[in-house]
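Undergrad: Sequence:
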Amino acid sequence: MSPIIHFKMKNIQDFLSKYDFAGSIVLLEGKRNVLLEDQPKLVALGILLASQSKHILFRSGNADGADKYFAQGVSEVNANRLQVITPYDGHRKKDNLAYDTISLDSINLAEEPEVVYQSKANKKTEKLIDKYVAGDRNQFAIKAAYIIRDTIKAIGTDDIPAASFGFFYDDLKNPMSGGTGHTMQVCLDNQIPILDQKEWFDWL
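Just add 1 to the spot in the sequence shown (first one is 1) and you have the working numbering.
It cannot be assumed that every hint is accurate.
DSSO-like mimics (lysine-lysine), calculated; alpha carbons at most 27 Å apart, straight line [what the hints assert, rightly or not]:
1) K121 <-> K132
2) K19 <-> K144
3) K124 <-> K174
4) K95 <-> K124
5) K42 <-> K94
6) K121 <-> K174
7) K95 <-> K144
What the hints contain is simulated information worked out from the structure, not anything from laboratory work.
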């Protein structure tokens, strides 16, 4: 079953007219498994958006796969406009192309009840999130850090601004699943418009 078409936009110019403003934050992320023939398209979108816009800050989770290819594109133009939010200090440090890195370890989740609440909408990790927030860092509880990180990428915290828009590379055979699906759902629940590759492939 295909996901709902979340948002319609004609082209890159239509997007920029609405979202290239000071303070705009745009998510660029998706699945770790990217089809070989699609990899250059993710790099190309990063290049296109970063080269055509003036104000947008691009945000991802520093994961392998889609995040990496999008980041490569943005960094070819201007790495200073790339921000990553990571699940812990030193996450994929050698592959991190971003100018600005925010680690979950630097965020006091006890003061972010909305982040915790929306993260627990992911029922697979609901109990692990409580353990993680309580300070548990074993090999199971640490899985919750990735979902919490995904929530923060979208809605931010008291100190981190929320995203304005999101571009995603999804698994179209199993749409809106896993961590990518969680991030997409959080965006939709919070009226943050998103597009997947069914739409933005046509922009390239």
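Undergrad: A separate judgement is required for each hint: does it hold in the structure or not?
TA: Evaluation of the provided hints:
1. K121 <-> K132: holds, 12 Å
2. K19 <-> K144: The given pair, whose Cα atoms are some 36 Å apart, is violated under the 27 Å limit.
3. K124 <-> K174: holds, 22 Å
4. K95 <-> K124: violated, 32 Å
5. K42 <-> K94: holds, 24 Å
6. K121 <-> K174: Within the cut-off at roughly 25 Å; holds.
7. K95 <-> K144: holds, 21 Å
Of the numbered hints listed earlier, those contradicted by the structure are 2, 4.
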